[in-house]
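Peer 1: So you can see what is in the structure, the chains are spelled out below.
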Amino acid sequence: MTPLPRPRREFWAAQGENLRIALEALRANKLRSILTVIGNVVAVMSVIAVVAVIDGMNTYVSEKILEQGLKVIYIDKFGLITNEDEFRDALKRRDLTLLDADALKRQSRYASDVVGQLETNKRVHAGKVELSNVRILGTTEGYQTVGTYDADQGRPLEDDEIGKRRAVCIIGSELAQQLFPVVDPIGQEIRVAGYSLKVVGTVAARGNVLGQSQDNFVLLPFGQYQKMFGPHESITILMRARPGIDLERVKDEARVILRARRHVPIGKPEDFAITTSETYMALYETLTKGIFAGTIGLVAISLLVGGIVIMNIMLVAVTERTREIGIRKALGARQSDLLSQFLSETVVLSLFGGLLGVLVGVALALLVRLATPLPATIQPWSVAISLLVASSIGLFFGVYPATRAAKLDPIVALRQE
Amino acid sequence: MSQAKAADGALIELVDIRKVYQMGTTEVNALDGVSLRIERGDYVAIMGPSGSGKSTLMNIVGCLDTPSSGSYKLRGIEIRDRDDDELARIRNQEVGFIFQTFNLLSRADALHNVELPRIYAGRPKTLRRERAKQMLDLVGLGERTHHRPNELSGGQRQRVAIARALVNEPSLVLADEPTGNLDSKTGLEIMALLDEVHRQGNTVVLVTHEEDIAANAERIVRLRDGKIESDQATTRVRRPASPPPQPAAPAPPAT
Numbered sequence: 001m002t003p004l005p006r007p008r009r010e011f012w013a014a015q016g017e018n019l020r021i022a023l024e025a026l027r028a029n030k031l032r033s034i035l036t037v038i039g040n041v042v043a044v045m046s047v048i049a050v051v052a053v054i055d056g057m058n059t060y061v062s063e064k065i066l067e068q069g070l071k072v073i074y075i076d077k078f079g080l081i082t083n084e085d086e087f088r089d090a091l092k093r094r095d096l097t098l099l100d101a102d103a104l105k106r107q108s109r110y111a112s113d114v115v116g117q118l119e120t121n122k123r124v125h126a127g128k129v130e131l132s133n134v135r136i137l138g139t140t141e142g143y144q145t146v147g148t149y150d151a152d153q154g155r156p157l158e159d160d161e162i163g164k165r166r167a168v169c170i171i172g173s174e175l176a177q178q179l180f181p182v183v184d185p186i187g188q189e190i191r192v193a194g195y196s197l198k199v200v201g202t203v204a205a206r207g208n209v210l211g212q213s214q215d216n217f218v219l220l221p222f223g224q225y226q227k228m229f230g231p232h233e234s235i236t237i238l239m240r241a242r243p244g245i246d247l248e249r250v251k252d253e254a255r256v257i258l259r260a261r262r263h264v265p266i267g268k269p270e271d272f273a274i275t276t277s278e279t280y281m282a283l284y285e286t287l288t289k290g291i292f293a294g295t296i297g298l299v300a301i302s303l304l305v306g307g308i309v310i311m312n313i314m315l316v317a318v319t320e321r322t323r324e325i326g327i328r329k330a331l332g333a334r335q336s337d338l339l340s341q342f343l344s345e346t347v348v349l350s351l352f353g354g355l356l357g358v359l360v361g362v363a364l365a366l367l368v369r370l371a372t373p374l375p376a377t378i379q380p381w382s383v384a385i386s387l388l389v390a391s392s393i394g395l396f397f398g399v400y401p402a403t404r405a406a407k408l409d410p411i412v413a414l415r416q417e
Numbered sequence: 418m419s420q421a422k423a424a425d426g427a428l429i430e431l432v433d434i435r436k437v438y439q440m441g442t443t444e445v446n447a448l449d450g451v452s453l454r455i456e457r458g459d460y461v462a463i464m465g466p467s468g469s470g471k472s473t474l475m476n477i478v479g480c481l482d483t484p485s486s487g488s489y490k491l492r493g494i495e496i497r498d499r500d501d502d503e504l505a506r507i508r509n510q511e512v513g514f515i516f517q518t519f520n521l522l523s524r525a526d527a528l529h530n531v532e533l534p535r536i537y538a539g540r541p542k543t544l545r546r547e548r549a550k551q552m553l554d555l556v557g558l559g560e561r562t563h564h565r566p567n568e569l570s571g572g573q574r575q576r577v578a579i580a581r582a583l584v585n586e587p588s589l590v591l592a593d594e595p596t597g598n599l600d601s602k603t604g605l606e607i608m609a610l611l612d613e614v615h616r617q618g619n620t621v622v623l624v625t626h627e628e629d630i631a632a633n634a635e636r637i638v639r640l641r642d643g644k645i646e647s648d649q650a651t652t653r654v655r656r657p658a659s660p661p662p663q664p665a666a667p668a669p670p671a672t
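For the protein sequence lines, the chains are R and C, in the order given. According to my numbering, the first sequence is numbered sequentially starting from 1. According to my numbering, the second sequence is numbered sequentially starting from 418.
Next comes chain C alone, as it looks inside the complex:
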């Protein structure tokens, strides 16, 4: 325990991650030796065409899946070989998910949706209620606590999802195509909100295939065929105080 706390290394440390799927008789290397460090407070976009392995990488980073080989440390905790329940606990405590399709529970109101991670954290009802309300205030939905998802616009639903992602104070916010189901204006609003989330000190990992969305991040990691193709800082580094971008990844081939 103390070892995990004491780890002063990167928030995310992937070393030579491989993920092999068995497709009938052939093996598919969804990830083929990915190494990546993400520091606390970073804002990183992961890009790549479909089939590049970015979904697999996101699942592993989000602790929904474990790698076939390699080491993944989140906040110093080794994730490989954890069982289902340990992964569930890590997701609950360390990861806040934001999905393209929002993934709210349709039968529950906004407040209850935001409350869910607190429920699985085992917090008593009165405390988690209060907390969920604060989170909804924070994303500007304080007036809509008892609306169900189908009574909310797409942008509002994504705000509920963001409030839900932050409610357990995770060390990592993982956004998977957060604007994919939104019109461009609402998309901009959501990206502005994510910027705000990042500015408040959260580490944000953004998975997208849209260049202009990725441009919101401070750093873009490009995947192709299960390998990291490039890893570059963008021009939008807004936090010079944070650790410098990692020089570890090889420079992309000049074209």
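Here chain R stands alone, though its shape is the one from the complex:
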């Protein structure tokens, strides 16, 4: 059989037509198109919003939590308890005391400072003002090295005052504002648990972490705290690493010293817990990974359902437009022309859904940014990837309807009313 002469076809000649048809179809069935692509809208929206929010959380967490205590380890009885059994076991442990802190201070080569602290939440009075749920912290010397206590007014606690268990305190800026809205707080008396404390200084504002104020506290000498609340309470030991020393080494060293001091046999779990900001970071990462996995699940389901809906609607479109297909075939459209026509239409449709999803997702992220302290930021890669995935879905689920259109017999198609 003689091969036919192949006329030269300009590739883009038909692509323009395909795009035109696709947009035309979209415009002709606005409502149907929107309903069709809801799956894609939800998927793209979720990806963009969740990525933006998680990114905002990352920024927030690293700013607020990590930087404050990056070079400090915390040792206490409980550590990071995540279930009841752990809690019950931890209850049986021996208390940590100032003696443990002193031992660490004497023996540690990697820590520059070792501080013991106790804390509780109590009611605070000043004159007629009463505030509940204020964080009360008792501390040994060196507290300024393991936390942020920049003086605002007055002065910090002096080592001498701490050693002699004086009834003095410094207070957070928010507390100062609430207790003494008009007078200078320096030199004023506040009452905690029936004891009088003299305010010698206020601490500059530290802001909020996850909605919790960091400026609502009273800091007083350790001895004074024990005088007020009793001596039988397990303390928290804070250790700051020497410059250039890795936090892990401080941790290991503290572990060795405490195990020896507390006679923990080799092979047994230790009866204290060491945490760092990184411990919280790890927990945080597990949490965001969970959120992310959940989102991916949601996205996968919406894409699958969305894809099937798109496929169905395109099958309807092929049936509705059987005659058009017949006409095009009679005029010389090849199978590949109709295939690419209907594929373009599905891709344009799902891309349209993707763009709607981008709009909604961006709006959601902005809303989170305005309504919460999380600096949610739109990530360009999340927009790119979700649009790509959305249009791939169109391509994938468009193949079957488009093949049906391409394979229609022109005679049968033209006979269709």
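Because the hints were derived from the structure by calculation, they are not lab data. Source: prediction; values computed, not measured. Ideal Cβ placement from N, Cα and C applies to all residues, glycine included. Don't take each hint at face value.
[Said to hold, decoys possible] Facing chain C, according to a computed beta carbon distance under 7 Å, are these residues of chain R, among others:
id: 1; residue: Glu17
id: 2; residue: Glu24
id: 3; residue: Glu324
id: 4; residue: Ile327
id: 5; residue: Gln335
id: 6; residue: Leu339
With chain R fixed as given, assemble chain C onto it according to the hints.
Peer 2: Here is chain C on its own, set in the frame of chain R:
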């Protein structure tokens, strides 16, 4: 390729064409050994009652369908056993269709409808636009390029369809009951336009069941039960210069 070009025979050459449809368990011979030659520049009407096979013949001549057996050469190109895409290309290049129901795309304007065959011929946009406009001028619709089919009268729609049929300069114009959906006055206008198309050198094959429409042609082929019943020249041979009518077909039985 050169072989196809060099063929100096008839434009259409059907030899012993058969088309068999399977209807359940029985076979139906829609065409039962049809042989027909149509020369370049001819104006031929194909007539016959429904069920005579004239639609099947038209589909085969228009390369929408292929015969079960026999040979069909269009411009020297064997059509039998071509695949879908090759048939599409032949339809695009060689055949201009005019349908009873116009078959315009309802969502596209007149210009775009005329442009369609050019699009599938792969012509760049600016060129095909220009060409489509010229074709619409030619059928007297130069002022209506951006009207959609539902904004045009039946006669105007058929004119758009004629412009579309001619836009790729096909070697064959195939009109299937072109006046079937028109009133008689508009029908006459459309037939006059077809005459004009023929006068300009196009080969026209007209499928109809109306005697007075068929009378516009130079030659009438009558089908019955899948066979050619008669093949006669009409009195309206306007082009004596064209090749003489074919004597091949047997004379109809005298009644």
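Peer 1: Given Gln335(R) as an interface hint, is its Cβ closer than 7 Å to any Cβ of chain C?
Peer 2: holds, 6 Å
Peer 1: Is the interface hint for Glu17(R) satisfied, with its Cβ closer than 7 Å to some Cβ of chain C?
Peer 2: holds, 5 Å
Peer 1: Have a go at the Glu24(R) hint: is there a Cβ in chain C nearer than 7 Å to its own Cβ?
Peer 2: holds, 6 Å
Peer 1: Less than 7 Å between beta-carbons is the criterion; does Leu339(R) satisfy it with respect to chain C?
Peer 2: Violated, about 11 Å.
Peer 1: Under the criterion of a CB-CB separation shorter than 7 Å, is Glu324(R) in contact with chain C as hinted?
Peer 2: holds, 6 Å
Peer 1: Less than 7 Å between beta-carbons is the criterion; does Ile327(R) satisfy it with respect to chain C?
Peer 2: With a minimum Cβ separation of about 5 Å from chain C (threshold 7 Å), the hint on Ile327(R) holds.
Hint check: a violation occurs at hint 6 only; the rest are consistent with the structure.
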